[in-house]
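Undergrad: The residues making up each chain are set out below.
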Amino acid sequence: MPPEQPRQGSHEHVPVPVPVPEGVLEEELALLYDEAPFGYLSTTPDGYVVRVNATLCTWLGFGADELLGLHLTDLLTAGGRIYHETHYAPMVQMQGFVREIAVDLVRADRSRLPVLLNATLVRTPDGEPRLVRVAVFDATQRRAYERELVRARDEQGAELKARAEQAASATATVSQIIDAATNTLLIATDADMIVTHFNRGAEQMLGHAAEDVVGRPSAGILGVEETRRQADALGVTPESAIIVAALVRHGRPRDWRITTRSGETRTMSLSFTEIRDGQRLIGYLCAGEDVSVRLRIEAAQAAALARELESVARLQEADRMKDEVVSTISHELRTPIASIRGYGELLADGDLGELTAAQSGAVEKMLRNAARLSALVEDLLHLDRIGSADEVPLHLVPHDLAALVVEARDSLDQLARGRDVTLDVRVPDEPVLVLSDAQALERVVLNLGDNALKFTHDGGTVTLTVAATDAGCVLTVADTGIGMSEEDRTRARGRFYRSSEAYRLAVPGTGLGLSVVDAIVAAHGGSMEVESTLGVGTSVTVVFPTSDAAAVGATA
Amino acid sequence: MSAIARHGVSLSGPEDGQPMMFAHGFGCDQSMWRYVAPAFADRYRVITFDHVGSGGSDVSAYDPDKYSTNAGYAADVVEIVRELDLHDVVFVGHSVSSMIGALAVIEAPERFDRLVMVSPSPRYIDDGDYTGGFSPEDIDELLESLSSNFLGWSAAMAPVIVGNPDRPALGEELTASFCRMDPDIARRFATTTFLSDNRADLPMVGVPTLVLQCSRDAIAPAAVGRYVADTIPGATLVQLDATGHCPNLSAPEETITAIEGFLRQRVAP
Numbered sequence: 001m002p003p004e005q006p007r008q009g010s011h012e013h014v015p016v017p018v019p020v021p022e023g024v025l026e027e028e029l030a031l032l033y034d035e036a037p038f039g040y041l042s043t044t045p046d047g048y049v050v051r052v053n054a055t056l057c058t059w060l061g062f063g064a065d066e067l068l069g070l071h072l073t074d075l076l077t078a079g080g081r082i083y084h085e086t087h088y089a090p091m092v093q094m095q096g097f098v099r100e101i102a103v104d105l106v107r108a109d110r111s112r113l114p115v116l117l118n119a120t121l122v123r124t125p126d127g128e129p130r131l132v133r134v135a136v137f138d139a140t141q142r143r144a145y146e147r148e149l150v151r152a153r154d155e156q157g158a159e160l161k162a163r164a165e166q167a168a169s170a171t172a173t174v175s176q177i178i179d180a181a182t183n184t185l186l187i188a189t190d191a192d193m194i195v196t197h198f199n200r201g202a203e204q205m206l207g208h209a210a211e212d213v214v215g216r217p218s219a220g221i222l223g224v225e226e227t228r229r230q231a232d233a234l235g236v237t238p239e240s241a242i243i244v245a246a247l248v249r250h251g252r253p254r255d256w257r258i259t260t261r262s263g264e265t266r267t268m269s270l271s272f273t274e275i276r277d278g279q280r281l282i283g284y285l286c287a288g289e290d291v292s293v294r295l296r297i298e299a300a301q302a303a304a305l306a307r308e309l310e311s312v313a314r315l316q317e318a319d320r321m322k323d324e325v326v327s328t329i330s331h332e333l334r335t336p337i338a339s340i341r342g343y344g345e346l347l348a349d350g351d352l353g354e355l356t357a358a359q360s361g362a363v364e365k366m367l368r369n370a371a372r373l374s375a376l377v378e379d380l381l382h383l384d385r386i387g388s389a390d391e392v393p394l395h396l397v398p399h400d401l402a403a404l405v406v407e408a409r410d411s412l413d414q415l416a417r418g419r420d421v422t423l424d425v426r427v428p429d430e431p432v433l434v435l436s437d438a439q440a441l442e443r444v445v446l447n448l449g450d451n452a453l454k455f456t457h458d459g460g461t462v463t464l465t466v467a468a469t470d471a472g473c474v475l476t477v478a479d480t481g482i483g484m485s486e487e488d489r490t491r492a493r494g495r496f497y498r499s500s501e502a503y504r505l506a507v508p509g510t511g512l513g514l515s516v517v518d519a520i521v522a523a524h525g526g527s528m529e530v531e532s533t534l535g536v537g538t539s540v541t542v543v544f545p546t547s548d549a550a551a552v553g554a555t556a
Numbered sequence: 557m558s559a560i561a562r563h564g565v566s567l568s569g570p571e572d573g574q575p576m577m578f579a580h581g582f583g584c585d586q587s588m589w590r591y592v593a594p595a596f597a598d599r600y601r602v603i604t605f606d607h608v609g610s611g612g613s614d615v616s617a618y619d620p621d622k623y624s625t626n627a628g629y630a631a632d633v634v635e636i637v638r639e640l641d642l643h644d645v646v647f648v649g650h651s652v653s654s655m656i657g658a659l660a661v662i663e664a665p666e667r668f669d670r671l672v673m674v675s676p677s678p679r680y681i682d683d684g685d686y687t688g689g690f691s692p693e694d695i696d697e698l699l700e701s702l703s704s705n706f707l708g709w710s711a712a713m714a715p716v717i718v719g720n721p722d723r724p725a726l727g728e729e730l731t732a733s734f735c736r737m738d739p740d741i742a743r744r745f746a747t748t749t750f751l752s753d754n755r756a757d758l759p760m761v762g763v764p765t766l767v768l769q770c771s772r773d774a775i776a777p778a779a780v781g782r783y784v785a786d787t788i789p790g791a792t793l794v795q796l797d798a799t800g801h802c803p804n805l806s807a808p809e810e811t812i813t814a815i816e817g818f819l820r821q822r823v824a825p
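Keeping their order, the protein sequence lines are chains A and B. According to my numbering, the stretch in the first sequence is residues 1 to 556, in order. According to my numbering, the stretch in the second sequence is residues 557 to 825, in order.
Rather than coming from a laboratory, the hints here were simulated on the basis of the structure. This structure is a prediction, so every number in the text was calculated from the model and none was measured. Hints are supplied without guarantee of correctness; some may be wrong.
Anything over 10 Å on all C-beta distances counts as not near chain A; from chain B, calculated [what the hints assert, rightly or not]:
id, residue
1, SER566
2, PRO594
3, VAL615
4, ASP619
5, ASP683
6, LEU751
7, ALA774
8, THR799
9, ARG820
These stretches of chain A come out as covered by chain B in the derived footprint (C-beta under 8 Å, 3 or more residues) [what the hints assert, rightly or not]:
id, segment
10, 76-88
11, 456-465
Just so you know, even glycine gets a beta-carbon here, dropped at the ideal spot from N, CA and C.
Between the sequences and the hints, there should be enough to build the whole structure, so can you do that?
TA: Below, the structure is given as structure tokens:
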């Protein structure tokens, strides 16, 4: 090893003694001591002031001579004195120094000067405590700054605490709301489908306790098989992230068949939504309800409705068949009745030979009953035509109502034969044209006339009147018969309705007559009025509209 | 955890020596006795310990309710005495621990032989004819001073307040100090100490008692020491030349001599 050489070119500082005139440095030090920007004081080991610099005297407003001999605690506040005894003095005595002890010094004018004390215990060469040197820093600004810092820190702390409490309270509220929904299943998961919240509704519906499922994959609750089935239905691969994304996209609730903890299978209507924190996906929320009961009720209701519709259809079919039977029978009866009546009239007229009085009576009864049968058949056929859904349109042409009434008189005379009832027909000389179906119009006249005759005692009168008025063509059939109560009168138009008097007096009839008239008149655009007084008689007035076409037809 | 571990109990001296237990006051810890306690370790079984919250104690055992009264601290003293199965204990308490010792003696008189009260005060706040030396405002000011000053607090705030990254050791030096204490506990201990009133307990102290009174004690004035000595039956008052509140630090020799003199006294049974 070569001997160590002084390094060339190094910038090591080499102190060069500068000559200073004798006494100058001592003077400088004294000035520095007195006029430094710090307060200095020295005390005995037990705290009595033995020296103090000018700066501190100025700060405190005391003369140096006033401070000498005082105890350090004489310059402190009461709290500072305790602090001095419990901390400052023990620390100086035990560790030999203190650093930056913050106290207030009391000035001559009793105002306070916040300061920091740095103290050092000076020992004699043999280790005995000799002096304590104390440097005093004015801490007014620093103390204010510290207070400001502490205040800011406390405020910040309080704000953070308040915010944390607010957040905690909001969380608690949400939790309570979620748990209060006992009829709604709510399962929250994180983004990896691990259950993070399982509300009370979910517990009740699925039988799992929240603490058993939170922290586990949601597939364990929903069922792997069922999840696969849902994936198939949505047309996605059975991978949990893909399924849940598809369910979220689907948007609407879907029915899931889920096996509860007790092994029961229930149908849950579940919908899935994403939970996001701003843009970040943090989990999913599955909300749903148990629809098992609802589905059962709905199924039962549907079955009941189907049964009801079926029986309605059956009833409608039965009704239609009945109508058909009635219609067919009526048609089939018409021809033989017409034949019976034709031959009966030949017999009655003596065309087939002279009859004895007894034979004439029998033939007359035959004819009367045949006429009644005929009228019944006609009534049924009219009702069938007018009342059925596939109504056959009436063939309306102008007919002279007056002539029709005069013609009907023969038929009515026949019905009244053997009865002492006066049949009075009053028609004008001019034709009263009604745009009508001939057969229907004839039924109106015959039914009203037949009714009047049936309910009129011997010695009574039935009056048929035809008149052309401003209101229309009027046919009135009035009798002096048994009449009807007000109740019977209002119900007389009803099909098959027969008055209580008719029953009491055993007047034959079907109760169809007046309803057939009413239906026909209505089909012709006319109206029917029934007036009646019990025991006095009944008057039925039918009004057909006067038609311009009727007038044209009449002149043609 | 045993009371011995909880309180960082230190034992020295002959195992069969009479037990002599030293308790520190508000401020520092058992090292307050380091100039005095060793002087007795030749004859006495010397026990020093830290109150919970101070020095090397288990801070996690700090219970604000328990330590809101001096009785809470006294219960710890009795617990240590029982755990070590000590009898005929000479209890030496400094400052507030003189009162804690008085309460321990009242609590378990069968365990104690004598009581030494160094700079005691049964009540720091003036009350009618009684002069404790402080007003409630003074105590508030102390608490304020603790809050804005305490060493533990300095440690917490040092990086911000000192603002001197070139001297990171400053903060460490302060907190490594033997007087370190959690600032919240310090504040509570100060509150318990300086708002306490144990005047009514003093007549119940049933063991020979020595009261050591310093001159110029800024915390416990001479009149308070006299009051204590007058109120405890048969108590002896010794006025020390030492000044301040901590003769155990500022005048250990005088303190030792006074205690030894008291222990030599024959006490009528």
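Undergrad: Is the claim that LEU751(B) lies outside the interface with chain A correct, judged by CB distances over 10 Å?
TA: holds, 13 Å
Undergrad: If I take the minimum Cβ distance from THR799(B) to any residue of chain A, is it greater than 10 Å?
TA: violated, 5 Å
Undergrad: Taking 10 Å as the cut and beta carbons as the points, is ASP619(B) off the interface with chain A?
TA: holds, 22 Å
Undergrad: Does the no-contact call for ASP683(B) survive, Cβ to all of chain A over 10 Å?
TA: holds, 16 Å
Undergrad: For the segment 76-88 of chain A, count the residues whose Cβ lies under 8 Å from any Cβ of chain B; is that count three or more?
TA: Our answer is that it holds, as 11 residues pass the Cβ test (under 8 Å) against chain B, meeting three.
Undergrad: Would you say SER566(B) is clear of chain A, with no C-beta pair closer than or equal to 10 Å?
TA: holds, 16 Å
Undergrad: Count the residues of the segment 456-465 of chain A with a beta-carbon closer than 8 Å to any beta-carbon of chain B: does the count reach three?
TA: Our answer is that it is violated, as 0 residues pass the Cβ test (under 8 Å) against chain B, missing three.
Undergrad: Does the claim that ARG820(B) lies outside the interface with chain A hold up, using a Cβ gap greater than 10 Å?
TA: holds, 28 Å
Undergrad: Determine whether the non-interface label on VAL615(B) survives the test: each CB of chain A must be over 10 Å from its CB.
TA: holds, 19 Å
Undergrad: Is the nearest Cβ of chain A still more than 10 Å from the Cβ of PRO594(B)?
TA: Its Cβ never comes within 10 Å of chain A, the nearest being 14 Å, so this holds.
Undergrad: Is it the case that ALA774(B) keeps its Cβ farther than 10 Å from each residue Cβ in chain A?
TA: Non-interface label on ALA774(B) violated, nearest chain A Cβ at 4 Å vs cutoff 10 Å.
In this structure, the earlier hints numbered 7, 8 and 11 are contradicted, and the remaining ones agree with it.
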